[in-house]
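**Q** The chain contents come next:
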Amino acid sequence: MRHLLSAGDLSRDEALLILDTARELAQVSGRSVKKLPTLRGRTVVNLFYEDSTRTRISFEAAAKRMSADVINFSAKGSSVSKGESLKDTALTLQAMGADGVVIRHSSSGAARRLAGWVDGAVLNAGDGTHEHPTQALLDAYTMRERMGRLEGLRVAIVGDILHSRVARSNVLLLSTLGAEVTLVAPPTLLPVSVGAWPCAVSYDLDEVLPKSDVVMMLRVQAERMQAAFFPSAREYSRRYGLDRDRFARLPDDAIVMHPGPMIRGMEISAEVADSPRSTITEQVTNGVSVRMAVLYLLLGGSESAIGN
Amino acid sequence: MSQTTTYLLRGARLLGGHPTDLLLRDGVVAAVGAGLDAGDARVVDAEGLIALPGLVDLHTHLREPGREDAETVASGARAAAMGGYTAVHAMANTDPVADTAGVVEQVWRLGRDAGYCDVQPVGAVTQNLDGAHLAELGAMADSIAGVRVFSDDGKCVSDALLMRRALEYVKAFDGVIAQHAQEPRLTEHAQMNEGVVSDRLGLAGWPAVAEEAIIARDCLLAEHVGSRLHICHVSTKGSVQIIRWAKSRGCDVTAEVTPHHLLLTDDLAESYDPIYKVNPPLRTAEDVRALREGLADGTIDCVATDHAPHPIEAKETEWSNAAMGMIGLETALSVVQHAMVDTGLLDWAGVAERMSAAPARIGRLGGHGRPLAVGEPANVTLYDADATREVDPTAMVSKSANTPYRGMRLPGRVVATFLRGVPTVLDGKIQ
Ligand SMILES: [Zn+2]
Chain A
1 MRHLLSAGDL SRDEALLILD TARELAQVSG RSVKKLPTLR GRTVVNLFYE DSTRTRISFE
61 AAAKRMSADV INFSAKGSSV SKGESLKDTA LTLQAMGADG VVIRHSSSGA ARRLAGWVDG
121 AVLNAGDGTH EHPTQALLDA YTMRERMGRL EGLRVAIVGD ILHSRVARSN VLLLSTLGAE
181 VTLVAPPTLL PVSVGAWPCA VSYDLDEVLP KSDVVMMLRV QAERMQAAFF PSAREYSRRY
241 GLDRDRFARL PDDAIVMHPG PMIRGMEISA EVADSPRSTI TEQVTNGVSV RMAVLYLLLG
301 GSESAIGN
Chain B
1 MSQTTTYLLR GARLLGGHPT DLLLRDGVVA AVGAGLDAGD ARVVDAEGLI ALPGLVDLHT
61 HLREPGREDA ETVASGARAA AMGGYTAVHA MANTDPVADT AGVVEQVWRL GRDAGYCDVQ
121 PVGAVTQNLD GAHLAELGAM ADSIAGVRVF SDDGKCVSDA LLMRRALEYV KAFDGVIAQH
181 AQEPRLTEHA QMNEGVVSDR LGLAGWPAVA EEAIIARDCL LAEHVGSRLH ICHVSTKGSV
241 QIIRWAKSRG CDVTAEVTPH HLLLTDDLAE SYDPIYKVNP PLRTAEDVRA LREGLADGTI
301 DCVATDHAPH PIEAKETEWS NAAMGMIGLE TALSVVQHAM VDTGLLDWAG VAERMSAAPA
361 RIGRLGGHGR PLAVGEPANV TLYDADATRE VDPTAMVSKS ANTPYRGMRL PGRVVATFLR
421 GVPTVLDGKI Q
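Protein sequences appear in the order of chains A and B. Mapping to full-length UniProt numbering: the first sequence position 24 is 24, numbers consecutive. Mapping to full-length UniProt numbering: the second sequence position 196 is 196, numbers consecutive.
Isolated chain A, as found in the complex (with noise of 0.2 Å):
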């Protein structure tokens, strides 16, 4: 594994590494020794064009925690939001001796193009409407933890999938690993080619709640409204909200899962989201322990990631 682009690119065997990688370290992280030196002299970038402070911090948790030195390259305020393009950062980083470059843009596709200029592994912290591939090995690694399996684990994702890459690598990923993954959501937020992706598509709910082990709310943006993908916030919430009565449907030991950041009152209820069976606060944990896990795979290099 050279960069991490997209969770299509992992194998069955390579996300059950890292999966495996990221529970080791999370028993280490529990332990009082907080730091590992494994990423002792690596240079890890954070290169973030759009404002995500919680994937951001995550990373830079992650890299610290194994002792990588970060450098924070966010677009607001660098040469970058005076137009630089994507191509001369890339060859400041270069310069730089960046290890690794994490990047989060705007434009699907971006963390593709970094590959081709930097030498040093690319991590796609999210592009565009395209993927989010730390974002699926989590959800995978939070759903094994509470489910004890993901084989045959029947994964419910909810809302915009059209526009959501959170959707579209956990779709690859949860295939990879033997999920069986339905997606749920209005005609209008879901791709014309739905059909060709690997999983299963309903428009209905209520009816796909009670046959689900687990079930993802996404995040639908308001401007979607303006667009005309559904007719109100009122009437999504009516239709694809997981309210209490929603949640009720559910088989007793299923999760309510949430990629943040929420809209409470929209996707989801604020009783649903504060379930002891909702995994939210637990998925940005996981966060930290399946990106050093991936940091680890991509920049270790052979010794042993807990290093002892």
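None of these hints come from the bench; they were simulated from the model. Incorrect hints may appear among the rest.
Here are some, though not all, of the chain A residues that point toward chain B, as calculated from beta-carbon distances under 10 Å [stated by the list, open to error]:
#	residue
1	108
2	113
3	117
4	265
Not close to chain B: a few residues of chain A, all C-beta gaps over 10 Å, as computed [claimed, not checked]:
#	residue
5	3
6	64
7	127
8	146
9	151
10	165
11	187
12	203
13	211
14	226
15	243
16	266
17	273
From the three backbone atoms N, C-alpha and C, an ideal C-beta is built for every residue, glycine too.
Using the hints provided, position chain B with the ligand relative to the given structure of chain A.
**A** Quick look at chain B with the ligand alone, frame taken from chain A:
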């Protein structure tokens, strides 16, 4: 350029047929036949080469005035000559837009001064391509440039009433509206063909229906008002079917297809390399098949390059920020050979019809697209169909290098181009 006025092309295969000699003197074909006496003519060994009437492009972006960093009329005309062209239609979306007699005359003069091929300006349909107010079409038609083709290319004339008026108005001077068929609302922020690949790549889709709906509407409009309509860069199977249907009803519609839509498909976007970003976008293999069939059976009348030069920085960027378009003048004939001739879909007479005679007819260029016969203008392209070459962007005569065929092996090579008996290309080199 060479001052020699008499050339004897020895042993050329006229339209790919039997070898014969062609004598070019004083700008016309002076004699045709085997074993012609050279006299004082300079002899060009054309053994094994195919002689075609000089190619005519209905759709070329020369970028001047405004973006001379990407291309100038002179550099584009040289690129055209290298591709075997003796006439090109310069699209109107320059800066300023070619929407007045003044601008079209400027472009026309730049072309004449460069001398590498005839540069026939296309006039904008609407002022500044605003889609709302008709440009002075009559003034452009009456100008020294003698504009007959009008197009807002780059933008669609999407207002149905304005399109109707434009179609009607240009009848007064035998003009034609060349429509860039793209329903604007259906293609907001569109990045590539909408389908399996765009959905996977997370790039906003440009659905086939956005092209087909406009073509259907405009064919019906043209039929209703009895006007001439030309469809630019047809890219989908559905468009071919609609045009076939419209022609069967007697609608006076003509259509073009680009070389890239005859060869390349949307899966090339998987690399996110915007060298493959173009408008209309690359489509599917099924569309490519239908376009080839449509070109072969005459539903699509001609090949037009949509040569669209861009500076390097416009393509060395993220896909969604990159400019749309690819250069094509210097590779068009090779791509057509590869897609149409080597596949058995067209013979060389068919190529001559679709790359020279038909576009000249549609553009009303009397001096081009004529048969290679005595007394006709000596616009000739000599082509070596047996050659192969690896496309090298840095070797392009065009000022820009944004060719999607980079590194591909393509058949054929233009050996010589004659414009009214004067070589613009000889021994494969620009003169
Ligand atoms: Zn166009």
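**Q** Compute the least Cβ-Cβ separation between residue 243 (chain A) and chain B, then decide whether it is above 10 Å.
**A** holds (30 Å)
**Q** The output says residue 151 (chain A) does not contact chain B. Does that hold with a beta carbon cutoff of 10 Å?
**A** holds (24 Å)
**Q** Is it the case that residue 127 (chain A) keeps its Cβ farther than 10 Å from each residue Cβ in chain B?
**A** Violated, because the least Cβ-Cβ distance between residue 127 (chain A) and chain B comes to about 8 Å, which does not exceed 10 Å.
**Q** Minimum Cβ distance from residue 113 (chain A) to chain B below 10 Å?
**A** holds (6 Å)
**Q** Is the Cβ of residue 211 (chain A) farther than 10 Å from every Cβ of chain B?
**A** Since the minimum Cβ distance to chain B is about 25 Å, residue 211 (chain A) lies beyond 10 Å and the statement holds.
**Q** Mind verifying the non-interface call on residue 226 (chain A)? Its CB should be farther than 10 Å from each CB in chain B.
**A** holds (12 Å)
**Q** With d taken as the least Cβ-Cβ distance between residue 266 (chain A) and chain B, does d exceed 10 Å?
**A** holds (23 Å)
**Q** Does residue 64 (chain A) clear chain B by more than 10 Å, comparing its Cβ with all Cβ atoms of that chain?
**A** Since the minimum Cβ distance to chain B is about 29 Å, residue 64 (chain A) lies beyond 10 Å and the statement holds.
**Q** Closer than 10 Å between Cβ atoms is the bar; does residue 265 (chain A) clear it against chain B? Give me holds or violated.
**A** Since chain B brings no Cβ nearer than about 28 Å to residue 265 (chain A), farther than 10 Å, the hint is violated.
**Q** With 10 Å as the cut and Cβ atoms as the points, is residue 117 (chain A) at the interface with chain B?
**A** holds (9 Å)
**Q** Grab the minimum beta-carbon distance between residue 187 (chain A) and chain B and tell me whether it stays above 10 Å.
**A** Non-interface label on residue 187 (chain A) holds, nearest chain B Cβ at 14 Å vs cutoff 10 Å.
**Q** Since residue 3 (chain A) was said not to touch the interface, does its Cβ keep a gap of more than 10 Å from each Cβ of chain B?
**A** holds (13 Å)
Violated hints, in rising order: 4, 7, 10; the structure is consistent with all others.
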